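Trainee: Residue strings, one per chain:
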Amino acid sequence: MVDAVAFYVLAALILGFGALVITAKSTVHSVLFLVADFLCVAALYVTLQAQFLAVIQVMVYAGGIVVLYLFVVMLVNLKRPPEVHSDPRRLGRLGVVMSVAVLVELVAIFALGWSKPEVTGGGGLSPKNVEQLGRLLYQDYLIPFEVASVLLLVAMIGAIVLAKREL
Amino acid sequence: MITTTHYMVLSAGLFTLGLLGVMTRRNIIIILMSIELMLNAVNINFIAFSYQLQNPIGQVFAVFVIVVAAAEAAVGLGIILAFYRNKETINIDEMSLMRW
Amino acid sequence: MVEAIILPLVKIVIVLVAVLVTVMYIVLLERKVQAWVQVRLGPMRVGPHGILQPLADVLKLFVKEDITPVRADRWVFTAAPIIVLVPALIAFAVIPFGKTLSLFGATMPGYIADVNVGLLYIVSVAGIGIYGIILGGWSSNSKYPLLASLRASAQLISYEIAVTMTLVTVIMLSGTLSMVGIVDAQLAGGWWFGFMQPVAFAIYFIGGLAETNRAPFDLPEAEQELVAGFHTEYSGMRFAFYFLAEYANMIVVSSVATTLFLGGWLAPFPNVSALSFLGLVPGWAWFILKTFLFLYVFLWVRATLPRYRYDQLMRLGWKWLIPLAILNVVVTGLLKVLVK
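Residue numbers (my numbering), protein chains in the order written: chain A, 60 to 226; chain B, -3 to 96; chain C, 53 to 392.
Looking at chain A on its own, in the form it has when it is part of the complex (with noise of 0.2 Å):
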């Protein structure tokens, strides 16, 4: 019972959010639409057992990314005048019907009937989440985690090459 208000009044901020998201005028109020939408999803990760996935959330979406995002929204909206909404091809509105049809899709597909596929290994979620995750990233996925690594390095480097100034 609990958990069901938790999951209908989450589920009703995230997609509330996320519809703010990609409708308000002001950028910066969209930066702080997502925010809120991620916070909501982080606490969606809790309720599904996922605490360690739930902070990293907060911690590295929440707190790192969309910060990004806030700081180049201002570096950029210093002398813009607002977004003129024209529209030459007419691409908003098909972008709207594709849209909804992948939406009818989706719905469609999930409710009305998908093969269960059957419980395959894994152990188990243990409620010592951290441990699990960190045994399995450093002993079985340890070389995606070596090539994630080397991603994020590259890509602050390449970051860092394409946003400095000459000078």
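Here are the computed lysine-lysine pairs in the BS3-like style, where the Cα-Cα straight-line distance is at most 25 Å: (1) A:Lys223 to B:Lys83; (2) C:Lys388 to A:Lys187; (3) C:Lys371 to A:Lys223; (4) B:Lys83 to A:Lys84; (5) C:Lys112 to C:Lys84; (6) C:Lys151 to A:Lys187; (7) A:Lys187 to C:Lys392; (8) C:Lys195 to A:Lys84; (9) A:Lys223 to C:Lys195.
Source of the hints: derived by calculation from the structure; they are not laboratory data. Just so it is clear, the structure is predicted and the values come from calculations on it, not from any experiment.
Starting from the known structure of chain A, arrange chains B and C on it as the hints suggest.
Mentor: Same frame as chain A, now just chains B and C:
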């Protein structure tokens, strides 16, 4: 009773909202943020299935999705800044140097 | 049912009230300590020796006129101080004040919640507090607060990296992210982590000074620079929130330093039976004592050291603290493998 289907419908809804944002908005920063919404929808799906199948690999993959999203956001914003310094615009209709 | 809802609510109310009262009195303590360092007396008029000065301050801030700049973004301008204050307060949910507390005859755990990712929770919540500073400066729609807020947030995110690296070494020693588990690991290991990890302790303290915008890293909000920084346009209760948030952050940093490096609620030498009379003092009293020790050092440093210039500040963070913290992680890892 909240089944995995509920989570999948939520994820589909969030994905569609992100898709709408990418298709209809002209501001490139909003487009990048909508891509983040889509990645979050995928993550919700992973975590929901990880909970249903009691298999922690879903959470491991979600961590990697977050890593990739961080890298993509950093480089994407770097590109936007570099473009803004040259052309003084963030409207995607005006970023058409290489279009026929 | 009662234990699940009523007791945590009571604890939350007690912690919130205690934090807010402590914040008010730390403001007074700061003025007094600075005054005594400068061979003067500080506030003496309101109440005996100025004890009731915080009440006068609160009353003044309450009745001050609430000015909003004309073209400021109204909603964000109002929300920014709240976004700074709330993370500072909710970080107290995982800080353990003692192993058990007996209140009204009932014995209950001395913390509001023991989350198994408690330390990461505090770090992530501190990251959310950065938004209040950025938004406060931006929404004032004027030059000085905007520049100051960009400086302040750049400073915060730079030092957050060094601080998080030191927390990694503590986690390596204790094997768990839960705050209660870290104190238990210090009890089991026999040494407080402050002695096993002096470098991490020092880096954490310096980083904590920078994270809370305290001297000598308080360039973003100093009165002599940038006209009081990112809270220039704030007055009345909203300014009071920024003020409260800064001091509450100080208390959070001190509490976390106590839990991680000074043994939390443990008496000194808990494993030495000759000194077990120290166990008569309850755990939460030791915790408060150690936290106040840290807070006093914060105030002492403010009264003593000159301010860092912004580029010196960033150089210290990026070129000294972060490499030192990473080196510390590597050395701790090596020692842990070799010594076992």
